[in-house]
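Asker: Given next are the chains, with one letter for each unit.
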Amino acid sequence: DTGVSQNPRHKITKRGQNVTFRCDPISEHNRLYWYRQTLGQGPEFLTYFQNEAQLEKSRLLSDRFSAERPKGSFSTLEIQRTEQGDSAMYLCASSPGLAGVTGELFFGEGSRLTVL
Amino acid sequence: AQSVTQLDSHVSVSEGTPVLLRCNYSSSYSPSLFWYVQHPNKGLQLLLKYTSAATLVKGINGFEAEFKKSETSFHLTKPSAHMSDAAEYFCVVCPGGGNKLTFGTGTQLKVEL
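Chains as they are written, first to last, in the numbering used here: chain A, -1 to 114; chain B, -13 to 99.
Since the hints were made in silico from the structure, they are not lab data.
Every residue gets a Cβ at the ideal spot worked out from N, C-alpha and C, and that includes glycine.
Take the hints with a grain of salt, since some may be wrong.
What the hints assert, rightly or not - Each computed DSS-like pair below joins lysine-lysine, with the alpha-carbon atoms no more than 30 Å apart:
(1) A:Lys9 <-> B:Lys28
(2) B:Lys44 <-> B:Lys54
(3) B:Lys96 <-> B:Lys44
(4) A:Lys55 <-> A:Lys69
(5) A:Lys69 <-> B:Lys86
(6) B:Lys54 <-> B:Lys96
(7) B:Lys28 <-> B:Lys86
(8) B:Lys44 <-> B:Lys28
(9) A:Lys12 <-> B:Lys28
(10) A:Lys9 <-> A:Lys69
(11) A:Lys55 <-> A:Lys12
(12) B:Lys86 <-> A:Lys55
(13) B:Lys55 <-> B:Lys44
(14) B:Lys28 <-> A:Lys69
(15) B:Lys28 <-> A:Lys55
(16) A:Lys9 <-> B:Lys86
(17) A:Lys55 <-> A:Lys9
(18) B:Lys55 <-> B:Lys86
(19) B:Lys28 <-> B:Lys96
(20) B:Lys54 <-> B:Lys86
As the list claims (entries may be wrong) - Label pairs and their in silico Cβ distance ranges:
(21) A:Asn49 <-> B:Glu98: 46 to 54 Å
(22) B:Leu6 <-> A:Glu26: 36 to 44 Å
(23) B:Glu98 <-> A:Glu50: 47 to 55 Å
(24) A:Asn28 <-> B:Ser66: 34 to 42 Å
(25) A:Gly1 <-> B:Leu42: 24 to 32 Å
As the list claims (entries may be wrong) - Cβ-to-Cβ under 10 Å is the rule here; a few derived chain B residues that face chain A:
(26) Asn27
(27) Gln31
(28) Leu32
(29) Cys77
(30) Val78
(31) Lys86
(32) Leu87
(33) Thr91
Taking the hints into account, I'd like the entire structure generated from these sequences.
Answerer: Now the structure itself:
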């Protein structure tokens, strides 16, 4: 399978703990995105990388959130000192070009976080 | 600023009958508009896209949408629903040439026998 891969698929943690999610995009895609989806809502943009450069961050991405893409390939999203409000599905997507031009992001199946 | 409003959170149709999922958009720039579908336990998948070419856009699985600037609408239609169409559908806007997709809140489509 050469699609976008996310790990872990499910994570249950206690409030205050740190969690890290990993995303492996489609290999030839230089753009990588993180979105967050809560129950009953559409995905919300968190951040975007072009190669290893993080070019845009949403105000939703508080100081407790950090994302990296060190070699321009896989990416990690870390949440420090988790809160119950962080419970959500975290979606990763990749694209070969500007989303508004190519029109398509390729999404992974997501990583579901539950904070107790 | 850009946004989309999906007018129905749930739509229920009988198999073989037409589908209409409604979406209105707001954008300061010439927008690109998309419909994505999310089946249970599957990743989001692009159904179709409008990027300022033909106003009637055809997508996968028999879906199509019409861009109507005067009505700021981009409704999704299908002539005949199939059981496999049951899923959640998202209307999405992006400023033309931009990179940040803004999703609507979704419409859950139920298809009954």
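Asker: None of the hints should be skipped; say for each whether it holds.
Answerer: How the hints compare with the structure:
Straight-line distance between C-alpha atoms of A:Lys9 and B:Lys28 comes to about 17 Å, which keeps the hinted pair within the 30 Å bound. Straight-line distance between C-alpha atoms of B:Lys44 and B:Lys54 comes to about 15 Å, which keeps the hinted pair within the 30 Å bound. A distance of roughly 22 Å separates the Cα atoms of B:Lys96 and B:Lys44; the hinted pair therefore holds under the 30 Å criterion. The hinted pair formed by A:Lys55 and A:Lys69 meets the criterion: a straight-line CA distance of about 19 Å does not exceed 30 Å.
For the suggested pair A:Lys69 and B:Lys86, the alpha carbons sit about 22 Å apart, so the restraint of at most 30 Å is met. Straight-line distance between C-alpha atoms of B:Lys54 and B:Lys96 comes to about 26 Å, which keeps the hinted pair within the 30 Å bound. The suggested pairing of B:Lys28 with B:Lys86 holds, with an alpha-carbon distance near 22 Å, which does not exceed 30 Å. For the suggested pair B:Lys44 and B:Lys28, the alpha carbons sit about 22 Å apart, so the restraint of at most 30 Å is met.
At most 30 Å may separate the alpha-carbon atoms for a hinted pair to count; A:Lys12 and B:Lys28 meet this at roughly 27 Å. Simply put, A:Lys9 and A:Lys69 have alpha-carbon atoms about 25 Å apart, close enough for the 30 Å limit, and the pair holds. The straight-line distance between the Cα atoms of A:Lys55 and A:Lys12 is roughly 26 Å, inside the 30 Å bound, and the hint therefore holds. Between the alpha carbons of B:Lys86 and A:Lys55 the distance comes to roughly 10 Å, so the proposed pair stays at or under 30 Å and holds.
Only pairs whose Cα atoms come within 30 Å are accepted, and B:Lys55 paired with B:Lys44 is accepted, the gap being roughly 17 Å. At most 30 Å may separate the alpha-carbon atoms for a hinted pair to count; B:Lys28 and A:Lys69 meet this at roughly 28 Å. Restraint check for B:Lys28 and A:Lys55: satisfied, since their Cα atoms lie roughly 26 Å apart, inside the 30 Å limit. For the suggested pair A:Lys9 and B:Lys86, the alpha carbons sit about 27 Å apart, so the restraint of at most 30 Å is met.
Between the alpha carbons of A:Lys55 and A:Lys9 the distance comes to roughly 24 Å, so the proposed pair stays at or under 30 Å and holds. For the hint linking B:Lys55 to B:Lys86, the alpha-carbon distance of about 21 Å falls within 30 Å, and the restraint holds. With a CA separation close to 17 Å, the supplied pair B:Lys28 and B:Lys96 stays within the 30 Å bound. Among the hinted pairs, B:Lys54 with B:Lys86 is consistent with the structure: their alpha-carbon atoms are about 22 Å apart, no more than 30 Å.
Between A:Asn49 and B:Glu98 the beta carbon distance is about 47 Å. The supplied range of 46 to 54 Å therefore holds. The hint said 36 to 44 Å for the Cβ distance between B:Leu6 and A:Glu26, and at roughly 37 Å that hint holds. Restraint check, B:Glu98 to A:Glu50: a C-beta distance of roughly 49 Å satisfies the suggested window 47 to 55 Å. Distance hint for A:Asn28 and B:Ser66: a CB-CB separation of about 40 Å, consistent with the stated range 34 to 42 Å.
For the pair A:Gly1 and B:Leu42, the supplied restraint of 24 to 32 Å holds, since their beta-carbon distance comes to about 30 Å. Among the interface hints, the one on B:Asn27 holds; its C-beta lies about 7 Å from the nearest C-beta in chain A, closer than the 10 Å criterion. Here the hint on B:Gln31 is kept, as its CB sits about 7 Å from the closest CB of chain A, short of 10 Å. The closest approach between the C-beta of B:Leu32 and any C-beta of chain A is roughly 5 Å, which is under the 10 Å cut-off, so the hint is satisfied.
Taking 10 Å as the C-beta cut-off, the interface hint given for B:Cys77 holds, the closest approach to chain A being about 9 Å. With a cut of 10 Å, the hint placing B:Val78 at the interface with chain A holds, because the nearest CB-to-CB distance is about 8 Å. Among the interface hints, the one on B:Lys86 holds; its C-beta lies about 5 Å from the nearest C-beta in chain A, closer than the 10 Å criterion. A cut of 10 Å between beta carbons decides the hint on B:Leu87: the least distance to chain A is about 6 Å, and the hint holds.
Evaluation of the B:Thr91 hint against chain A yields a held restraint, the C-beta minimum of about 5 Å falling below 10 Å.
Violated hints are absent here; each numbered hint is respected by the structure.
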